[in-house]
Every structure is written in C-alpha cells, then in structure tokens.
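A.B. asks: Please construct the entire structure, taking both the sequences and the accompanying hints into account.
Take a look at the letters that make up each chain.
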Amino acid sequence: MTVLEQRGTYRPAPPPAWQPRTDPAPLLPDAEPYRVLGTGAADRADPGLLRTLHARLVTGRRYNAQATALTRQGRLAVYPSSTGQEACEVAAALVLADRDWLFPSYRDTLAVITRGVDPVQALTLLRGDWHTGYDPYEHRVAPLSTPLATQLPHAVGLAHAARLRGDDVVALAMVGDGGTSEGDFHEALNFAAVQRAPVVFLVQNNGFAISVPLAKQTAAPSLAHKAVGYGMPGRLVDGNDAVAVHEVLSDAVRHARAGGGPVLVEAVTYRLEAHTNADDATRYRGDAEVETWRGHDPVDLLERELTRRGLLDEDARRAVREESEALAADLRARLHEDPVLDPMDLFAHVYAEPTPHLREQRELLRAELAAEAEANADAEAQAAPEGATR
Amino acid sequence: MTVLEQRGTYRPAPPPAWQPRTDPAPLLPDAEPYRVLGTGAADRADPGLLRTLHARLVTGRRYNAQATALTRQGRLAVYPSSTGQEACEVAAALVLADRDWLFPSYRDTLAVITRGVDPVQALTLLRGDWHTGYDPYEHRVAPLSTPLATQLPHAVGLAHAARLRGDDVVALAMVGDGGTSEGDFHEALNFAAVQRAPVVFLVQNNGFAISVPLAKQTAAPSLAHKAVGYGMPGRLVDGNDAVAVHEVLSDAVRHARAGGGPVLVEAVTYRLEAHTNADDATRYRGDAEVETWRGHDPVDLLERELTRRGLLDEDARRAVREESEALAADLRARLHEDPVLDPMDLFAHVYAEPTPHLREQRELLRAELAAEAEANADAEAQAAPEGATR
Amino acid sequence: MTTATAAGAATAARPATLAQALTRALRDAMAADPAVHVLGEDVGALGGVFRVTDGLAAEFGEDRCTDTPLAEAGILGTAVGMAMYGLRPVVEMQFDAFAYPAFEQLVSHVARMRNRTRGAMPLPLTIRIPYGGGIGGVEHHSDSSEAYYMATPGLHVVTPATVADAYGLLRAAIASDDPVVFLEPKRLYWSKDAWDPEEPTPVEPVGRAVVRRPGRSATLVTYGPSLPVCLEAAEAARAEGWDLEVVDLRSLVPFDDETVCASVRRTGRAVVVHESGSFGGPGGEIAARVTERCFHHLEAPVLRVAGLDIPYPPPMLERHHLPGVDRVLDAVGRLQWEAES
Amino acid sequence: MTTATAAGAATAARPATLAQALTRALRDAMAADPAVHVLGEDVGALGGVFRVTDGLAAEFGEDRCTDTPLAEAGILGTAVGMAMYGLRPVVEMQFDAFAYPAFEQLVSHVARMRNRTRGAMPLPLTIRIPYGGGIGGVEHHSDSSEAYYMATPGLHVVTPATVADAYGLLRAAIASDDPVVFLEPKRLYWSKDAWDPEEPTPVEPVGRAVVRRPGRSATLVTYGPSLPVCLEAAEAARAEGWDLEVVDLRSLVPFDDETVCASVRRTGRAVVVHESGSFGGPGGEIAARVTERCFHHLEAPVLRVAGLDIPYPPPMLERHHLPGVDRVLDAVGRLQWEAES
Ligand SMILES: Cc1ncc(C[n+]2csc(CCOP(=O)(O)OP(=O)(O)O)c2C)c(N)n1
Ligand SMILES: Cc1ncc(C[n+]2csc(CCOP(=O)(O)OP(=O)(O)O)c2C)c(N)n1
Ligand SMILES: [Mg+2]
Ligand SMILES: [Mg+2]
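Residue numbers (the numbering used here), protein chains in the order written: chain A, 1 to 390; chain B, 1 to 390; chain C, 1 to 341; chain D, 1 to 341.
If you want the footprint, here are the derived chain C segments under chain B, 3+ residues with CB under 8 Å: (1) 38-51; (2) 96-104; (3) 133-143; (4) 299-311; (5) 315-325.
Because the hints were derived from the structure by calculation, they are not lab data. From a predicted model like this one, the values you see are computed outputs, not experimental measurements. Note that beta-carbon positions come from the ideal geometry of N, C-alpha and C, so glycine has one too.
C.D. replies: Structure (structure tokens):
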C-alpha cells in the first residue's frame with residue numbers, strides 16, 4: 001500500500017494518475033548469481049545444448065586468440081578480446097530466434113559471428129577498412145557500437161517498433177559494466193520499462209572498464225539491482241557458466257516475447273586479457289587476480305561437466321578442435337589479403353544523394369587519385385625503362 | 001553471499017576487485033510513504049517546529065499566489081508555481097545548516113527564498129532581467145537550473161570538493177519526477193554513491209512533467225526505489241506532510257554529514273496549478289483529480305494538526321497572515337518598478353576579459369545606444385518644442 | 001494526398017499560422033504513411049508546448065503520437081531504433097537547448113548510420129527543433145543552434161520562414177530518407193499568411209534557396225527568423241536608394257550555392273543575416289563560400305549581421321541581441337558604395 | 001615554480017614528446033596549486049589511454065587524480081560543482097567523440113555560469129580533449145570537434161602544436177579563471193622537440209597566434225595537427241618559388257585577428273588549413289573575418305584546405321581525408337598568381 005491508497009481523516013482516495021505502482025520484491029535479483037554447472041541442476045541440462053555450447057565456446061576461444069594474433073601482425077587495427085567471456089557472448093547469440101535482433105557493443109564480435117555473420121565482415125571495424133562490414137538486416141545484428149551504451153536506446157526503439165507493427169521480435173542488447181554508468185543506459189532502461197518493449201539487456205560485468213574496477217564504477221549491491229529502479233526484473237547469473245547464462249537469457253527472451261516487458265541480466269564474468277591489444281593491464285591489476293579467475297574459466301567449467309557426464313569423447317574433442325582451427329585458418333588467410341578499397345566510397349553514403357559541396361569534394365579527390373595513378377605509372381615506367389615500350 | 005564468495009570444486013576465492021557488494025535490504029524504501037500528521041507520531045512533533053513550518057507554508061502559499069498574479073500583470077515573464085508543494089519547498093531549505101548548499105530547479109524559488117535569498121533576486125530569472133539575480137555564495141544557493149537534472153552532478157561535485165577540503169558541508173539537490181528520467185540524474189546519483197559524497201537528492205514527485213503523468217514517466221514501484229541501483233538508501237515520504245518531509249530530510253542530511261554517503265528521498269506531492277501560467281492543464285487532467293488532492297493540502301494538513309494541539313490561536317494566525325501579506329506587498333511594489341538595466345552588461349561577464357571580437361561588438365552596441373539616445377532626445381525635443389530652449 | 005476531412009470541402013486560401021501549417025504537414029504525413037510516428041515530450045494530450053502536434057494523438061492514437069519519458073537522448077535514441085525497423089519517426093525537441101542532451105545520439109549515430117553501413121541502414125528521421133529567440137523566453141529557451149548541426153556531415157538542416165514552406169519543407173523532411181534537423185523559428189510560429197490548407201503547397205525538394213525579393217544593389221542572404229527582418233530592411237532601404245535582393249536559404253545543408261552566387265554575382269555585394277552568433281556561426285561559412293566563388297564580382301567584402309557572441313540574453317535585453325532592421329541597414333551602408341562613384 | 005625533483009638538477013634542452021610536456025604541465029600545476037584536481041576515465045593507475053596523466057595519482061594521491069565512473073556528463077557536471085567550490089578541475093575526455101555526451105553540461109552550464117551569475121561564479125575548468133585523426137583510430141576516435149566549441153560563447157578554445165606550447169598553453173589554461181576547452185592533437189602526442197623540462201617555457205597568455213615561419217608570398221593560417229603539414233608545405237613550396245608564411249593560431253577563442261591580419265596584409269593571399277571538415281568548420285569563420293578586415297589587400301579569395309565533409313573515415317582510408325602537403329600546395333597554386341604578372 002502506498003500513501004496514495006491510504007484513507008483517513010485528511011486523505012481521500014488515490015488519484016488514478018499514480019497507478020500503477022508495483023511490488024518491488026519480484027524485481028529484485030537473487031542475492032547469489034544463478035549457476036548450473038557444479039550444482040545438482042547440471043544433471044538436467046540437455047546434452048545437445050551442452051555439446052553445442054562447448055563447441056561454440058572452444059571455437060570462440062580460438063577466434064579470440066587468432067584475432068589478437070592478427071593485431072600483432074598488423075592485420076587488425078585493434079582487437080578487444082572476449083577471452084574469458086565466451087559463455088556470455090555465445091549464449092547471447094544462441095538464445096535468439098532468427099527474427100530477433102542483437103545489439104552488440106564493440107567487444108561483442110564473438111556474439112556477432114555466433115549469430116551467423118561472416119567473421120571477416122564482423123571484424124571490418126577493427127580491421128579498419130570500413131565502419132561496419134555486414135548488412136545489419138541480413139542477420140538482424142546492429143552495427144558494433146563504439147560509443148558506450150548508445151546502442152541500448154536503439155534496441156528499445158527497434159523492439160518497440162516491432163511490437164507496434166505486431167511482429168513477434170525481441171531485441172537483446174549487450175553492454176559492459178562500465179557502460180551502465182552512462183546516461184543512455186538509464187534512459188534506455190526507463191523507456192523500455194515504460195513502453196514494455198521486448199528487450200533483454202545483458203550486462204557483461206567483466207570487472208573492468210579499461211583500468212577502472214567495478215568498485216569505482218558503482219556502489220550498488222549488484223548491477224542487476226538497477227532493474228528495480230525501472231520496474232523491470234533484474235537477474236544475476238554466473239557469466240562463466242554457459243548453461244546458466246543460456247538458461248537465464250532464454251527465460252528473459254521468453255518473458256519479453258510474451259509481452260512481459262524488458263529484463264536486465266547481469267552476467268558476472270571476467271576479462272582475462274587486457275582491454276585491447278593496445279592496453280597494458282599490468283598497470284592496474286595483478287597476476288594473482290587473473291590467475292584466480294583462470295580457475296573459473298568458462299571453457300574449463302563446461303568441459304568438466306561434459307567429461308563428468310561422459311559427453312565429450314576424443315572424437316568430439318577432435319571435431320571441435322578442427323572446426324576451431326578451420327575458422328582460425330580462414331580468418332588468417334582472408335585477413336592476410338589486403339582489402340580492395342575504393343576511396344570514392346567515402347562520398348557514396350553520407351547522404352542518399354551527395355550534397356553539392358560533397359560532389360565538389362568528390363571531384364577533387366577523383367582528380368587527385370588520377371594524378372596519383374599517373375605519377376605511379378610514371379614511376380613504374382622509369383623504374384623499368386625497358387618496359388616503357390611494352 | 002554472491003557468486004564471488006562461493007567456494008566449490010571449480011570456484012576459487014573471490015578476487016578482491018569484486019568487493020564490496022552490499023546488502024540491498026537497508027537501501028529499499030518502505031512500501032508506504034512516511035507520514036507524521038494524522039498519525040500517533042504527530043504528538044511527538046516539536047511545537048516550535050510545527051509553528052515555524054506553518055508560518056513558512058502559509059507565507060509560501062501567499063508567495064506563490066502573488067507571483068502567479070504578477071505574471072498576469074506582465075511583471076514576470078513566466079512563473080512555475082509550487083502551490084501544493086510548499087511542504088517540500090520549505091522543508092528542503094529549513095533542514096540545511098548555513099554552511100550547506102541548496103541546488104534548486106527552476107520551480108524551487110520558494111525553497112530559495114526560505115533559505116534567505118531576497119524574493120526579487122530569486123525571481124530575476126522569471127522576471128526576465130537577468131539569468132540569476134543573487135550571488136550564489138551569499139546564501140549558498142546555486143542558480144536555479146532550467147535544463148532538467150543538470151544541477152544534480154553540480155551538487156555532487158560541490159559536496160565532494162567540500163569533503164576533500166575537510167569541510168563539513170552537505171548539498172541538497174532538488175529535482176522533479178520528470179527530471180529523474182534524464183541521464184544526468186543517473187550519472188549524478190552514481191557518482192555520489194561511488195564517491196560517498198554528502199548529497200541529499202530530493203525528488204518532488206508532483207505527478208506531472210508538464211502534461212506527462214508519472215505512469216508515462218516510469219514503471220518503477222516508486223522513484224525512491226531507484227536508490228538501490230546506486231547503492232544508496234531510498235526514502236519515500238508524504239510530500240504534503242511538512243513534518244514528515246522535515247524529519248526525513250533532516251535524517252538524510254545527518255546521514256550524509258556523518259559520512260554515510262548520499263540519500264535519495266522521494267516526496268509524493270501534487271502540482272495543484274498548471275505547469276506554469278502559460279500552461280493549460282485542462283488539456284491533460286480533470287478537475288476531479290485536482291480536487292482529490294486539494295483534500296490533502298499541505299497547509300490544511302498542518303493547520304489541522306496545530307489546531308488539534310491548540311497551537312494556533314487567532315494571534316498566531318494573524319501574525320502569519322500579516323507576514324505573508326507583507327511579503328506579497330513588498331513583492332508587488334518592487335516588481336512593479338521597472339528594473340534599471342544596462343545593455344552593456346551583456347558583454348561584461350561572458351569571460352573574465354572580453355575577447356577581441358566581443359570588444360568590437362560592445363563598441364557597436366555602445367554606438368547604437370548612443371544613436372538611440374540621441375534620436376530619443378530629438379524626438380522629445382520635437383514633441384515638446386517649447387522646451388527645446390530650456 | 002488529402003485527408004478525409006478535406007474531401008469535398010470548398011477550398012480557398014485564408015490566413016493560417018506557421019504553426020498550423022506544421023500541424024497540417026504532420027497530419028497529412030501521418031495519414032499518408034502509417035510508418036510516420038511522432039514522439040517527444042508533451043506531444044500527446046497537450047499537443048506540444050507550441051501546439052504543433054495538437055490533435056494528432058486524438059486522431060491517430062497514442063501509439064502514433066507518443067508522450068515519452070523526459071529524456072532527450074532516450075527520445076532520439078529510441079527513434080533511431082524505430083527508424084532501423086522501418087518507421088519514419090518525427091521527433092520533437094521541446095526547445096533548442098533541450099536538444100543538447102541528445103547531441104551524442106545525433107552526431108555519433110543519426111548522422112553516421114547510413115555511411116557506417118554503406119547505405120544498408122538509412123535513418124529516415126525528422127528532428128523538429130523550435131529555435132531562436134524573440135519570444136521573451138528565459139534562459140535556454142532561445143538558442144540558435146544551427147552552427148552545431150551544419151558542422152555535422154550526414155545531417156540535412158532545413159528551416160522554413162513562411163507558412164507555405166513550413167508545410168512544404170516539413171513534408172519533404174519527413175519524406176527524406178536521410179535524417180533532417182528541422183529548425184522551426186519560434187517567433188514565426190504565430191506569423192500568418194494566406195494559405196490554402198486544403199490545397200497545400202507541393203512538397204519542396206530540400207536544398208533549394210529562393211529569391212524572396214528581387215533587387216539589384218546588394219543581396220541579403222538569410223533564413224528562418226531573420227527573413228521578415230530582411231524583407232523589412234529591404235523596404236526601408238528603398239528610401240536610401242538601395243534596391244536589395246533577399247535570398248531565403250531554406251536549407252543550410254544542402255547549401256544552394258547556385259542561387260546564392262547567381263544573386264551575388266548580379267548585385268556584387270552581400271550581407272548575411274542571421275540570429276545565431278556571428279563567431280563560428282553559419283555566416284562565416286556562407287561568407288567564405290560566396291567569396292571563394294564570386295571574388296571578382298564582389299565590390300566589398302561579404303558582411304555579416306548576426307546575434308552577439310554572448311549567451312542568449314534575458315528577455316528584457318534580447319532586443320539588443322537580435323539583428324534588427326537598423327543593423328542590417330548599417331551593414332548595407334558599409335558595403336563600400338563610394339567605390340561605385 | 002619547479003618541483004622537488006627538479007631542484008639542483010643540471011638543466012638542458014633534450015628531446016621530449018608533446019605528451020610528456022603535457023604531463024609535466026599537469027604535474028607542475030598540481031604542485032603549484034592544491035586546488036588543481038585531475039579527473040576522468042582511466043586517468044589514475046593507467047595514466048590515461050595516452051599516458052598524459054601518468055604518475056599523477058601516484059604522486060598526488062587518488063583524491064587529486066581520480067578515476068571516475070564512465071559517464072562524461074557526470075564527469076564534467078561534477079567538475080562544475082568542484083569548480084563552484086573553488087577547486088580548479090582538469091577534466092580528461094578520453095577521445096573527441098566521447099566528449100559529446102557532456103555537450104549539454106558544456107554548452108548550457110560550463111560556458112554560461114560566469115555570465116549567468118554576473119561574474120559571481122566563474123568556472124576555472126580545463127577540459128582536455130584529444131582530437132583529430134591520423135592515428136589509425138576506429139570510428140569515433142578521430143573527430144575534429146573544434147567547430148562546436150568555437151560556436152559556443154563563454155568557452156576558450158586552445159590547441160597546442162609544439163612541445164613548448166603544450167606545456168605553456170596547458171599551464172595557461174589551468175591558470176585561467178574561465179573554462180578552457182584544451183584540444184590536444186592526437187597525432188602530435190609523440191612528436192618530439194628539444195625542450196628543457198627543468199626550465200619550461202613560461203606560461204603563454206591565451207589568445208596570441210604566432211608566426212612559425214615568415215614568408216612573403218602567401219599566408220598559411222593553421223593550428224594543431226595541421227601545423228607540421230603547413231611547415232612541410234612551406235618548405236616544398238620553395239621549389240615553386242613561393243615563400244609562404246605560416247601562422248599557428250594556438251587559440252581559436254580568443255581569435256588573434258591582429259597577428260593573422262598583419263600577415264595577410266603583408267602577403268595579400270591566404271589559405272586556411274585544418275583537419276576539421278570544411279563546411280561549417282573553423283575555416284569559414286577565419287576566411288570570413290580575414291576577408292572582412294583585409295579585403296582590399298587580398299589578391300585572391302582566402303581558400304580553405306580542410307578535411308572532407310564526411311564522417312571521419314576508417315583507418316585504411318583516412319589519408320584521403322586528411323589535408324596533406326599536396327592539397328595545401330594545390331590551394332596555394334589556385335591563389336590567382338596570374339594576376340601578379
Ligand atoms: C561514450 C564513451 N566513452 C568512453 C569510451 C572509451 N572506452 C572504450 S571501452 C571503455 C571501457 C568500457 O568498459 P565496459 O563498459 O565495462 O566494457 P568492457 O570494455 O569491459 O567490455 C571506454 C572508457 C567510449 N567508447 N564511449
Ligand atoms: C533537459 C530539459 N528538457 C526539457 C525541458 C523542458 N521542461 C521544462 S519543465 C519540464 C517538466 C519537468 O517536470 P518535472 O521534472 O516533474 O518537474 P516539475 O515541473 O513537475 O516541477 C520540461 C519538460 C527542460 N527544462 N530541460
Ligand atoms: Mg567491463
Ligand atoms: Mg513533476
């Protein structure tokens with residue numbers, strides 16, 4: 001009962017404008033993150049799901065390693081690895097139906113490729129040949145978002161629009177622990193709750209925003225507790241337990257799809273690598289902490305479970321290994337080729353039709369490129385004078 | 001216990017970076033707003049406090065009426081009335097010590113004058129002669145903030161700075177229900193909690209943001225429930241019960257001053273008038289709702305209590321009435337005089353020293369004004385030719 | 001396309017306000033295309049603080065004309081998501097300065113999504129922003145923010161100055177497959193013009209300036225709230241023997257160099273007039289590009305008459321800030337006419 | 001004022017990077033005045049992503065150099081509050097595009113607080129923003145956002161291009177009683193110059209441009225990341241027989257008309273060079289004001305060489321966007337030299 005429902009000498013009936021006010025209890029996350037692996041519940045996990053998750057996690061780990069290696073070879077401009085977070089990345093993609101939408105942040109290329117986007121296209125931003133390498137409509141994956149938390153209102157608007165159109169579409173939006181501090185996080189969750197938009201917000205709490213640890217990011221009991229302030233359920237899950245993440249996200253997607261409105265899921269995980277290849281993590285954290293978390297590795301956790309239940313024989317291991325290596329080899333091969341770029345593309349998509357001043361600049365660049373090509377041809381001709389007559 | 005403190009086969013000790021995580025229970029507001037008037041607790045309320053609150057409420061009501069009347073006479077550009085919200089306005093100012101700071105929003109001139117700022121100075125923004133009419137340092141009142149919620153981070157920074165300096169200063173920041181949807185609200189509360197800054201956030205939930213009712217603003221159980229997402233206590237209070245608001249805010253100020261960090265207080269109240277004199281409230285709400293709330297009027301509530309306890313005799317009533325009328329008369333008189341403005345002031349405070357291009361523009365305006373004065377003099381001379389020789 | 005209520009009505013031009021023409025444009029656009037959605041603060045039952053969305057929620061329902069929570073980044077950000085799904089959101093920002101919280105969404109997403117995705121994900125979004133002063137608004141209610149939007153590639157920036165353009169340009173903005181910042185001159189909301197609401201002006205293609213008054217002595221280049229000032233100045237200038245041409249840009253992006261330069265080449269002199277501050281404002285760009293293109297036709301440097309480079313003043317002092325007829329005439333007087341003789 | 005470590009050290013100029021000079025300026029300012037506080041994302045243990053705040057948290061403690069939560073409006077907004085209480089906050093925005101979330105705080109409060117309070121509440125705030133491209137950054141990491149800040153009265157906008165200026169201008173910015181947007185050219189962070197860190201250049205007064213290279217044929221007006229390009233172009237131009245003067249603005253607000261116009265009056269020709277987009281960018285303002293003031297000294301219109309009017313390109317294409325030596329020389333070639341003969 002709220003003040004508005006009280007009756008008394010001075011207090012008349014509550015004005016309808018105050019309705020509805022809800023009971024916070026069902027919105028609060030459990031005190032303890034949900035987990036399956038290592039608990040009795042693991043026995044009930046579907047073997048097929050366990051195998052799929054395992055294959056995707058192992059491949060994801062390999063993908064992360066390969067992408068990081070490619071930065072060292074100068075084939076990627078930068079790579080923010082999700083090593084250690086594969087359970088979240090993979091589950092986020094697997095719980096969605098084809099018609100659903102994924103809204104990744106810049107770290108979430110693994111979720112993007114798990115959803116079916118070609119890895120080279122997924123890495124375009126980080127390779128440096130264009131901003132987004134895939135058509136967002138093909139797999140219903142929004143562009144990787146670099147400005148933190150800004151993709152969250154997009155997910156809300158899209159889910160809201162789909163609902164208005166009567167389409168049965170859920171949007172799953174990913175954000176980091178650091179990103180929860182941004183105003184856009186707040187505004188997105190509030191809009192989603194008010195509009196009962198079918199959105200699942202997945203916060204990967206990996207302990208750090210670059211160098212800043214969670215304790216400097218928030219004083220909340222957990223990030224999932226933020227949900228109650230918007231009137232949506234908050235769920236806390238062990239983000240390194242792929243089965244648990246998959247289950248919690250599946251529930252959340254089902255809840256949203258059924259018209260129950262948005263859900264906030266905090267997956268507690270850990271960024272095992274530095275922020276990106278350009279970062280030096282030794283400046284702000286010790287090896288001991290990292291080692292501690294290595295003991296709670298998502299791939300290991302799942303492998304132990306599969307092994308315990310006898311679901312992982314040598315053949316299965318080999319198949320997964322081969323699949324991973326194939327992915328890595330393909331990535332290596334295709335990223336070692338230089339992309340063919342047309343500088344004129346710079347003007348092609350600023351507007352549907354270039355403005356007059358862009359057309360002028362386009363002609364300027366065209367002339368420059370022609371001059372450059374000519375100069376190059378001359379230089380080649382001079383370098384190989386005997387070929388000049390060919 | 002959180003996931004990080006669990007021990008098990010796969011799960012090592014929690015890394016220190018995850019600490020601390022707090023218990024949400026003490027942060028949650030009560031299900032029912034706190035109130036004193038009309039309950040047994042009213043008997044314990046200090047008579048002196050009751051009388052002071054009453055005098056200020058009555059004066060405040062009169063102030064609101066007078067200011068609104070002045071808009072009709074064209075003496076104020078606009079006035080957002082706090083009629084119906086006087087309990088919050090008055091209590092917010094009274095709970096602070098001299099050394100504390102008040103951060104008002106544009107609706108909170110009543111709190112500002114209750115803190116001691118001259119009413120004409122407090123109304124400068126709304127009169128239209130300058131943006132802020134008072135020196136913020138004189139009474140430690142920040143400028144009225146027009147862009148919603150933007151004053152909240154200022155309060156946090158100021159309180160944080162004071163704490164760093166070792167000063168025993170609390171900042172109380174006021175915002176509306178609508179303002180809680182802005183990103184700045186979120187960022188401010190989060191910063192305050194992380195830095196344990198001594199800030200009290202007072203949300204006056206008056207049911208509307210212009211025409212938008214609370215139900216379209218949030219789906220939260222209450223606005224006070226937002227506190228838990230930042231790790232600060234949230235308190236819900238009947239905003240029309242001046243004694244309850246005073247008590248809850250006093251507690252919050254004490255908590256903040258003692259180093260306990262920030263507190264979020266939601267005062268449930270009602271905007272009895274239109275948004276401002278320029279607004280037409282009949283477009284979006286019915287009389288019935290307003291009437292319902294008139295039955296829960298903060299001045300009435302308090303008068304009944306004073307009367308019940310025999311604290312309000314005719315002398316006291318007369319004294320309060322006289323005080324109110326004196327304030328109103330002073331306001332009328334002083335606002336009916338046109339302020340003397342110097343257009344050159346437009347350039348005086350853009351920077352400590354005007355830039356060269358501002359100096360040029362200043363000279364241009366000076367020349368224009370001189371020409372204008374000359375033309376006026378000529379016109380006068382022509383209008384009164386016989387005076388031309390004087 | 002006309003709406004039901006228009007059918008069979010006897011049509012005739014009669015005075016309408018610029019605000020009414022905007023309302024009519026929204027209504028016609030919503031009737032013509034179910035993908036058009038209006039959202040913002042107080043746009044529903046209230047009809048917006050300037051009543052531009054008056055009646056839309058009643059006619060099309062709250063799902064088509066939606067009161068949002070009070071959060072501008074959230075409004076624009078969700079509108080981006082709606083556009084991604086194929087809707088054509090029309091966002092109302094309540095006042096110029098209250099669009100600033102949405103600046104990151106605007107610059108980092110709205111302006112870039114088409115380019116980012118090589119054209120795969122265009123954002124047909126209209127962002128209506130009441131702008132400019134002259135209405136006695138208190139702080140933050142009178143900013144001229146067009147310089148920010150002009151400097152952001154990927155946005156169209158359009159502003160009407162007449163009743164007919166209010167309709168035509170808003171329809172064009174909503175029809176555009178690109179995001180349009182649609183700047184509505186606040187102090188012209190109540191300006192009236194004969195206009196036939198039953199036969200509204202055809203949709204203008206965005207990007208064409210128009211000569212509002214032909215003249216031979218010099219060109220006044222202007223837009224939005226300053227158009228009436230320039231027309232008045234042109235009338236007054238006749239007394240001084242100057243026959244001024246007045247060009248209404250209508251669109252800052254794309255910029256119609258052709259129309260502007262043709263005029264300046266004819267007259268040989270130009271003054272850019274706008275309410276926005278001078279330093280770093282639109283006039284610098286306009287003067288620079290006109291000078292680049294018409295240097296040898298210019299008898300004098302292109303001058304600028306603009307708002308002062310100060311935070312927008314309080315109501316009682318705003319008249320000293322706003323470029324008025326006298327300042328325009330003074331500038332015209334400084335166009336080095338001696339050189340003529 | 002020198003710090004303890006400097007005492008008694010043998011001093012001599014040796015190569016230092018621009019980033020190192022900035023660090024030194026912060027350290028000296030913090031040592032000189034306990035009111036100076038540094039705050040931002042990752043400025044503590046990490047020393048900032050460009051290491052400009054390296055060592056400050058260790059030397060002055062986390063209360064003086066503070067890692068904040070990840071929220072730019074919150075950072076700038078709390079810095080405003082700190083300044084209100086008499087501190088001198090120095091805020092780091094991690095990258096140009098990540099200052100946009102703080103736009104409302106910047107425009108609606110930082111730029112206006114002094115004016116709003118008739119001088120009673122000045123905000124001595126420095127907002128450091130790494131800006132510009134050329135470092136292979138992915139989307140949102142290479143914006144040139146100076147046009148937005150220039151168009152906002154109440155802000156100073158300053159940008160160093162040399163190691164010595166990095167120190168001197170940052171000290172001056174922190175010493176200023178007004179808010180200063182301090183734009184750090186990212187691609188010059190690692191540029192080196194002989195510089196004596198034990199006898200740092202005296203603090204410059206903000207607002208004076210400097211002639212970096214005298215010349216007689218034409219003036220290149222530039223700042224920040226484009227200064228080295230212009231100096232290189234000036235060298236290359238000698239081969240064509242052009243003796244170019246290069247003016248480094250150092251401060252966009254206040255703008256040093258005197259130095260710039262003196263140069264243009266001497267040379268009679270000018271090209272403005274910057275990395276920011278051309279349309280609505282700083283060059284328009286500069287060209288317009290130079291033309292207004294030097295019209296009869298100009299042999300040709302003031303030209304602009306700038307970034308393209310597109311969203312900043314991906315790393316592999318950025319060289320086509322950035323104004324380079326060839327584009328500068330081409331523009332110089334278009335300064336109507338025929339007219340000479
Ligand atoms: C609005 C904005 N501010 C700053 C940055 C710079 N930045 C990139 S990643 C990052 C840390 C993000 O931390 P978190 O949200 O926890 O995600 P994680 O990197 O851990 O996946 C920062 C500060 C940014 N991308 N966007
Ligand atoms: C950032 C911003 N957006 C929009 C507005 C316009 N506006 C002024 S008051 C108001 C409603 C405020 O509602 P609430 O926060 O509940 O305060 P109340 O008016 O009820 O006191 C709006 C939308 C504003 N001032 N600032
Ligand atoms: Mg993180
Ligand atoms: Mg309200």
